[in-house]
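Undergrad: The chain contents come next:
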Amino acid sequence: MRSKTSIGKARHQNTDWPAQYRALAAHTRSPQLRAFYQAGCVAPDTAMAEVPLVALDFETTGLDPNRHSIVSIGVVPFTLQGIPLAQAWHQLVRPLLPLSRDSVAVHGITHSDLDQAPDLAEVLDTLFGYLNGRIPVVHYRAIERPFLNVALQWRLGEGIRFPVLDTMAIEAHLHPNRHPSRWQRLLGRQPVSIRLADSRGRYGLPHYPSHNALTDALATAELLQAQIQHHFRPDTPIRDLWL
Amino acid sequence: MQAELIDIRNHMAQYPPFDEMPEALLEQVVQSIEVQYFRAGSAILDFGQDSRWLYYIRSGAVEVFRRSGELYNRLGEGEIFGQIGLLMNKRVRFPARALEDTLVYRIPDATFQYLFEHDENFADFVEIEDRSRLRSALSRREKANDLMTARVTRLIARPTVWAPWTVRLQEAARIMTEQGVSALLLMDESTIPPRLKGIVTDRDLRTRAVTEALPSETPISDIMTSDLITIRSSAYIFEAMLTMLHNNVHHLPVMDGDEVRGVIALSDIVKYESQSSLYLVSNIHRQKDLKGLKRISQEVPDTFVRMVNEDANSHMIGSAMAGIGRSFTQRLLELGEEMLGPPPVPYCFMALGSMARDEQLVVTDQDNAMILDDRFVAEQHDAYFLALARFVSDGLAECGYTYCTGDIMATNPKWRQPLRVWQQYFTDWIEHPKAEALLNSNIFFDLDGIHGQTEFAETLKTLIAEKASHSQRFLTLLARNALNRTPPLGFFRTFVLEEDGQHRKTFNLKRRGTAPLSDLIRVHALACGSRAQNSFERLRDIGKTKLLLEDDLGNLRDALEFISIVRIRHQALAIEAGRKPDNNVQPEDLSPFERSHLKDAFQVVSNAQKFLRFRYNAQVGRNAQ
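Protein chains in written order, with the UniProt record's numbering: chain Y, 1 to 243; chain E, 1 to 625.
Please keep in mind that the hints were generated in silico from the structure rather than gathered at the bench.
It is possible that part of the hints are untrue.
[To be verified] Pair ranges (Cβ atoms, derived):
1) Y/H175 x E/G69: 34 to 40 Å
2) Y/N177 x E/Q49: 41 to 47 Å
3) E/A43 x Y/T236: 18 to 24 Å
Idealized CB from N, CA, C, for every residue including glycine.
All chains, full assembly: derive it from the sequences and hints.
TA: Quick look at the structure:
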């Protein structure tokens with residue numbers, strides 16, 4: 001979880017995503033992925049205030065996309081001007097790999113809940129209905145994008161690529177020296193936590209019960225609104241932030 | 001609604017007008033919400049822009065301004081703004097700015113209009129603004145303390161920390177240390193949702209595990225408390241405080257039906273608002289003898305003054321003082337039973353009058369009675385109960401609760417009777433009422449069991465609630481009694497003007513203000529079959545019927561609050577000045593603010609009495625002082 005990446009040095013920052021989408025649309029065999037890429041990607045200099053966004057959160061059985069599975073999906077389309085709850089969507093999905101006891105405790109989802117849940121393949125149309133034309137927003141980008149990528153490789157025979165806005169990377173960027181030196185620790189300085197709940201606390205955002213994909217997606221959407229208001233501007237181009 | 005949005009619904013369900021909204025309707029509201037964040041200092045609404053939303057503050061604080069730029073209101077969590085623009089002309093009339101970082105839930109105009117058309121309570125709530133001078137005079141005071149109006153869920157600041165009830169002592173201690181909690185819930189996971197089995201607190205760990213040197217593999221179920229005291233999530237913080245005090249526990253699981261919402265600790269409440277009365281009450285329960293109780297009773301006036309200075313409202317002070325009085329009585333009964341041995345038959349000790357109504361102040365006498373089990377045989381058992389009643393009554397007198405001049409005390413054999421006799425008393429009073437007898441038994445219609453078989457008192461409450469509303473003659477006579485004491489017509493800087501044109505120098509705030517109010521509220525409450533004892537709760541019950549108009553109810557509530565608080569302040573000032581507190585006020589002692597609002601409040605009392613006379617056909621009112 002200790003990402004050293006600051007959003008200024010990211011590899012994806014200079015990617016021409018609209019061109020990438022066009023190229024990927026021409027090569028993909030999956031109609032769902034083609035529709036996704038054809039829906040397009042906003043130009044890199046688009047002002048944040050103009051960007052259609054979608055907060056995305058997965059609960060998974062672990063941290064490794066090759067060994068663990070997605071068990072629930074939370075999706076909240078939004079913009080900097082508002083987060084309409086009517087469009088929020090939550091879906092349990094049946095994992096291909098067995099669910100470990102530990103993650104049950106974290107998510108409060110039980111085996112019987114999941115036995116009745118559909119496979120991800122059955123809800124892909126709905127999921128893409130939310131993703132098409134929007135930029136995903138996540139807290140900690142090493143989860144949602146890689147897990148979706150692997151899950152689609154299994155189900156569609158090919159993976160997916162897209163830019164994300166990572167609220168955790170933004171926090172990491174804002175607190176480059178968040179791990180106090182030994183000397184500072186002696187003076188009582190605490191490390192700055194960039195976990196979702198702690199980050200929200202710095203912006204006066206309320207405490208939400210965590211470990212539910214929809215609540216976390218909503219929490220992430222609110223956090224991005226707060227970050228932009230405090231540290232960026234509505235006309236900040238998305239190229240400065242996407243990864 | 002997505003079940004996952006339940007947190008949003010639960011938050012709104014804590015605050016008016018959403019707290020009384022039918023669940024299905026509230027879910028529609030949640031469904032229509034847009035969330036938006038505003039940084040401190042940023043504009044939320046500009047004057048003249050289109051009104052498109054009603055705003056609900058989820059967290060943070062907002063300032064609302066008049067057009068002139070003058071501050072109109074300051075709002076916090078759970079409050080709404082923007083309604084005036086939506087109601088008036090679809091233009092923002094009162095611009096708003098985030099005072100702190102603020103998260104708002106925006107409810108679209110269409111939803112707002114739907115609620116306004118379909119939910120009467122909602123419509124009333126958003127319409128009533130500045131309607132009554134009295135109300136706005138009170139609102140500032142109420143904002144300062146919200147133990148009475150805030151719900152316990154507001155104190156739940158973190159996800160519930162729990163463990164399976166099968167864990168070992170060491171594991172439980174480790175979880176508590178790691179999570180930094182002072183209480184751990186123990187759940188039975190074999191059911192869905194998991195069921196609460198018990199609680200273990202760090203006090204348990206200290207007193208039981210450590211002092212008894214239990215091995216670390218001891219099952220936690222050996223030391224957990226399974227006889228759980230819990231509180232429902234809709235309860236007010238103040239109720240939680242009283243529950244903790246009554247049961248001498250420091251942690252309360254907060255329940256939504258069978259489901260755990262969280263745990264609150266006494267320290268959460270103390271942090272929320274310093275509550276000196278808390279310490280006093282827990283201290284009372286720790287005293288070993290009458291001497292200790294007497295010593296502690298000297299602190300009661302100070303506690304009273306502190307609460308007044310902390311800007312508590314009259315309901316809070318009244319309940320706290322009644323809670324203190326109850327605690328003295330309960331502790332004396334326990335000490336008495338220790339001394340005399342266990343009671344030969346079950347009994348219930350009953351508080352009457354202001355203590356039962358939770359409306360006690362510092363100057364108060366004792367009004368109490370005993371309901372004995374029907375197996376009671378006077379020759380065999382009464383010596384015991386007389387001794388116990390004397391012990392309690394003398395003890396209360398030592399602690400500052402003077403003997404009742406009307407001899408309404410358990411020491412009086414007439415008021416120390418088996419349940420069936422009490423049932424007969426009440427049946428006679430209600431079904432064959434006599435004016436003179438009723439005058440003296442008024443006080444019995446405010447009753448509360450405080451020790452022993454409290455279900456005896458509940459039986460009587462049920463009997464009263466069932467019979468009173470059917471006896472027109474009883475209500476008429478009771479109403480007539482309630483008209484015996486009238487408020488002054490008005491007053492000026494130096495004198496009180498009476499209805500007969502007389503001038504007086506002082507007037508009694510209890511006899512001329514709060515007592516006539518609680519008397520007339522009692523009549524209406526009995527007429528509508530309410531079981532409540534507290535005047536504010538009675539008003540709430542009356543509100544559920546069509547007996548009084550909503551406006552009149554609000555006026556009565558405000559008048560009672562205002563007269564009570566003036567009375568309370570008057571007494572607190574006397575205590576601070578080292579004088580003996582009383583209820584007699586000279587108009588000169590009042591501020592111009594108090595004088596003008598008291599005039600309004602007395603006008604409310606007077607109008608309410610006129611209505612009472614008409615409603616219950618109680619024409620023969622007398623004017624007594």
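Undergrad: Compare the structure with each hint and give your call.
TA: Cross-check of the supplied hints:
no.: 1; hint: Y/H175 x E/G69: 34 to 40 Å; result: 38 Å, holds
no.: 2; hint: Y/N177 x E/Q49: 41 to 47 Å; result: 42 Å, holds
no.: 3; hint: E/A43 x Y/T236: 18 to 24 Å; result: 20 Å, holds
Going down the numbered hints, you'll see the structure goes against none, and every one checks out.
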